[in-house]
Amino acid sequence: MTRDTRLAWINGLMLPLLNVLTAFAAIAIVFVFINVDPIEAAKIVIHGTLGYEEGVGYTLYYATNFVFTGLAVAVAFHAGLFNIGGEGQAYVGGLGVALAVLAFDPSISPWVVIPASIMGSLLFGALWAIVPGYLQAYRGSHIVITTIMFNFIASALMVYMCVHVLREVGQMNPQSKMFPETAWLPFIHDIFAGIGYKIAPSPLNLSIVLALLFSLLVWIFLWHTRWGYAIRATGKNTTAAVYGGIKPKKVIILTMCISGALAGLVAVNELLGYQHRLMLDFQYGYGFGGIAVALMGRNHPAGILVAALLFGMLYQGGMELAFELPNVSRHIVVVMQGLVILFCGALEYIYKPRLVRFLAPIEASE
Amino acid sequence: MDNSHIAIELIDVDKHFGAVHANDKVSLTVKTGTIHGIVGENGAGKSTLMSILYGFYQADSGHIKVFEKDCKFTSSRQSIDAGIGMVHQHFMLVENFTVLENVILGTEGGALISESLEKARKELTRLGVEYGLEVDLDTPVELLSVGILQRVEILKGLYKGAKILILDEPTGVLTPQETDELFRIFSALKEQGVTIILITHKLREIMSITDQVSVMRDGKMVAHRQTNETSTEELAELMIGRKVLLNIDKSESKSGSPVLKVTNLHVSNEQGIERVSDINFEVCSGEVLGIAGVTGNGQGTLLKALTGILPLTKGSIEVFGKIITSDNHLGPRILRELGIAHVPEDRQRMGLITEFSASESALLGYHNDEHLNQGLLLKKALVKKNCESLMSSFDVRPADPNLKSSNFSGGNQQKLIVAREFERDPEVLIIGQPTRGVDIGAIEFIRKRIIAMRDAGKAVVLVSVELEEIMSLSDRIIVMCDGQITGNVDARDAEERTLGLMMANALTSSEKNQEVQS
Amino acid sequence: MNEFLLNTLDATLRYSTPLIFASMAGLFSERSGVVDIGLEGKMLIAAFISAAAASVFGSPWIGLGAAILASSIFAMIHGFATITHKGNQIVSGVAINIMASGLTMVLGLAWFKQGGQTPALANDERFLSITLPGVDIIDYIPILGDIYRELISGHNILVYLALLIVPLVWWVVNRTRFGLRLRAVGENPKAVDTAGLSVERLRYKALLIGGILCGIGGAYIATAHNAQFTKEMTAGAGFIALAALIFGKWRPYTVLSACFLFSFLKALEDRLQSVIIPGIGEVPVQFIEATPYLLTVILLAGFIGRAIPPKAVGEPYIKEL
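Protein chains in written order, with the working numbering: chain A, 1 to 366; chain B, 1001 to 1518; chain C, 2001 to 2321.
It should be emphasised that the hints constitute simulated quantities derived from the structure, not laboratory data.
The beta carbon of each residue, even a glycine, is placed where N, CA and C say it ideally should be.
A few of these clues could be false.
Stated by the list, open to error - Keeping only pairs whose Cα atoms sit at most 30 Å apart, straight-line, the calculated DSSO-like set for lysine-lysine is: (1) B:Lys1404 to A:Lys247; (2) C:Lys2113 to C:Lys2205; (3) A:Lys352 to C:Lys2113.
To be verified - Facing chain A, a subset of chain C residues (Cβ under 8 Å, in silico): (4) Thr2082; (5) Tyr2140; (6) Ile2143.
Claimed, not checked - Some, not all, of what chain A presents toward chain C, calculated at C-beta under 7 Å: (7) His47; (8) Ile148; (9) Thr182; (10) Ile291; (11) Val334.
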């Protein structure tokens, strides 16, 4: 093994693995701190997520959201942009979905309504990201701050829409009326039932196929098209990109557009797939979770799928934990997200000098 | 301590940065009250050595003695306390601070700054008068010219009690007048017993101002000389380490019609400061136009304007029948498609993307090419094959298109870039510093390729700070100083001395002087 | 005196207190060159710890001390990641916020078993309003008496502390050696390094001060403004403080004005809930709610003045020539 390939192994696999393990070790300490045996907790999580059909369904359902927001954050990262606004983009994507669905007459075919409302989520998510992108590219505002602000503006906007505009007549709850069934994405258990397999019902719906499809598309786009090349070149070295005839401003707009659209898809899984109406805070936490997923998945769709699955497990497992152990909050998964962002993101290279030093004598002896 | 005869003694100082051996058992002795020059090419290890002396870096091994006392510096603070001050190549000033605030930073005295400021004001006024270093103390430094900033840096050192001043390439950014002024200050400081270490690669300066000179090459100290016992030629030889400079065989140029015409060109840099003023020239097919000049005299900005990276503020560039003006900007992509190739000055920052694989770096600028794309997709296999063929025809080693660009040596990175730009068979070549920081083998290779392109009837614009490179490759030479053309000569008639004077924009004034004298 | 106005201004003062602490915390951090989007998280953990400690130990002061400690620990995590390990400052800030959000809920449930809340605090466990001397006397003066009684007197000690801290911050930043170095390290850390000062130590100090201030801000929210910790109770105050910091261009008094402006909007929003204005109809309070964020976006876009951050902010300092 040459020095280069060895470094590639260290950077590509060993470091991320060590980082994730550290995050797990830290969460174990939190468990001990609240008097819960971490091993027992792990057993509950694993059983609750992989042990029975419904648990698997929920896990994949949550993972679907994380795939979308993870991809959203990752695409932006490749252009050197930190899109911290996945939360708001997903939220506004929900508005796109609701407006599209409610614009159609309930009698119109799902083959029209569903694609149109998926387009609605993509479009509105993109729109909510393009504005900060534009401001970064042409007005020099820092995208991190703008997207944070846009999360709050989205929140105010959505409350306004749910309370004043889309609220079901005669209802107190700030939510839209139920979508007509023609706009529902089929549940996976229904599809399986249709072909003769009976599995336990869960919120898992066709969006997961969309998630896999978009993971593939993002991979092709980033590594096999000229636009993806332009995005990655800009992210790694803007000066060189300009030299190469790439226009960074356009790249920023394009990237944010794609990033926001991907985040917007959370609304498809949540609203078209499960809730079947627009409601407040349906996207809660997935936007920020996407940051953890992207960092842990090293901004690569394959890594993101793995990380999203892990976070889906943690989400579902957190619910199980809270159910089994009344002392444990389901928000333990939020702590885990924070730890993953800390150790896989901010402290990404904490082990690198140590690992390189550890391997140096082995290298020398070869 | 001022009575010590020896100001600085470095013994076997050694320093690695990763795989780079920046200082290889370097020893140096500097006598108190002298001006000691350290010369060497870029990357010879001068700045690293001085940064170790200044406590900015720590040596891996070796000893430092200041005024004959053993010192171990782990931060600049200790070095400052030992009586050393350093003026860095890039000024270490806080731009929105006043001169006064900048000077006291780090040696404020008490916890409140008002007293320190008043104390400093008195002391600086005294120092200013004593050494002719008067500066307006209450101006924010961002409003001051580089010449004045340099004074501020020197004042900073003196205020902190420096008895030894290190200046790293102090004249690189100065006009000739400012340089003269700086040297006058040096003399004044020397008279007061201050020891000065001057790092430079300009031999003329060494000869005119220093008492002793030490030469560094490839991280090693190769010679120490009394300045009055050596010559520019000897120092150059020691610096470069080879007797004969590369001589490229080239035939007379068979130049054709003009293909690139620059008229009344004005360009501002990224910060909006005009760096190119009223430049006119033409380049014909089959000729190399060399542009000589000291670093930072607008050549970089000119290159960016010629290749569409920077817009023009005034004037025009005419190429392939198209006219580029301030209103009609053509970007790098369009110009490249028209047939202008660009080897940029800075390969790490502009020429390639160090984190990309070689084959992806070899795609830079050409990722929109029709033959590399099929519908929406890039033909990755073809991209890789292209890179392989570039690597074999330009002898890039290792010939592995999947290897990360940063893992190639400087010479091989440069060959990859040159290959990328030359192999598209462009009509116009815009080349900046083609051989900077490149090993000798690669230098020769790249230079031969440039001549081959000329002989194939291409128009070449070559910018280089290496006068020797300009002289050996060009058919015509223009000289830039302060954004303007200060000389335009046929390469056959060019002499190094005249070019040097043109680079300092000193030719006309010296001629004038001669006239006055006669 | 217009009672509506007095009440609104009074509420403005109360809302502005945590914003002032947090934005001054951010000011230290960012003037030293470290972006701090973790203000929210530090206040949140401080709010939780202060309420928990005040409840357990029966003293708001112990709550305050514990809050400062907790917030400072988070600040030091941020420092460890971004200063020592040169990690991405935004990523680290996000991690701080998310960890705080999760930990408060997890620990809250585990410790108090009240669905994540802390027990309600008794009066002697929280910071209470103080009546300033002389209210009775000045009360006889028209207008001034109202203002003194309603607006100036009758706040808890942390409100007064917040108001005192701003001139103190200004003085520290502009008049002391530490302030000079702080400003320098946020503009040009290399100049600081070559002046023989430690960039790392300065930035750690700045972050620590930020941690302390966020700690006070969080304690105010849970043990002065409210009387217990509830989930996510900082509700974006840390981000509003960040907005105020930018809006105030990283300068203490202008930041203070921004805090007042944003708090005034918040106070107004409360008072306009489901108020019907003739001719306009019900006021969409969400619009007022979004105003601070919108204003900050517009400012950052350069449409109203320019917000130029400290030059070195966001970049880890890597020693090289």
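Checked hints:
At most 30 Å may separate the alpha-carbon atoms for a hinted pair to count; B:Lys1404 and A:Lys247 meet this at roughly 24 Å. Our distance criterion of 30 Å between C-alpha atoms is broken by C:Lys2113 and C:Lys2205, whose separation comes to about 37 Å. Of the supplied pair hints, the one linking A:Lys352 and C:Lys2113 is violated, its CA atoms being roughly 41 Å apart against a limit of 30 Å. The interface hint given for C:Thr2082 is met, as the beta carbon of that residue sits about 7 Å from the closest beta carbon of chain A, less than 8 Å.
At a threshold of 8 Å, the smallest CB-CB gap from C:Tyr2140 to chain A is about 44 Å, leaving the interface hint violated. Residue-level restraint check for C:Ile2143 is violated (minimum Cβ-Cβ distance to chain A is 36 Å; threshold 8 Å). A distance limit of 7 Å between C-beta atoms decides the matter here; for A:His47 the minimum to chain C is near 21 Å, and the interface restraint is violated. The interface hint given for A:Ile148 holds, since its Cβ lies 6 Å from the closest Cβ of chain C, which is under the 7 Å cut-off.
A cut of 7 Å between beta carbons decides the hint on A:Thr182: the least distance to chain C is about 31 Å, and the hint is violated. Using the Cβ-Cβ criterion of 7 Å, the hint placing A:Ile291 at the interface with chain C is satisfied: the shortest such distance is roughly 6 Å. Checking A:Val334 against chain C: minimum C-beta separation of about 3 Å stays under 7 Å; hint holds.
Hint compliance for this structure: hints 2, 3, 5, 6, 7, 9 are broken, all remaining hints hold.
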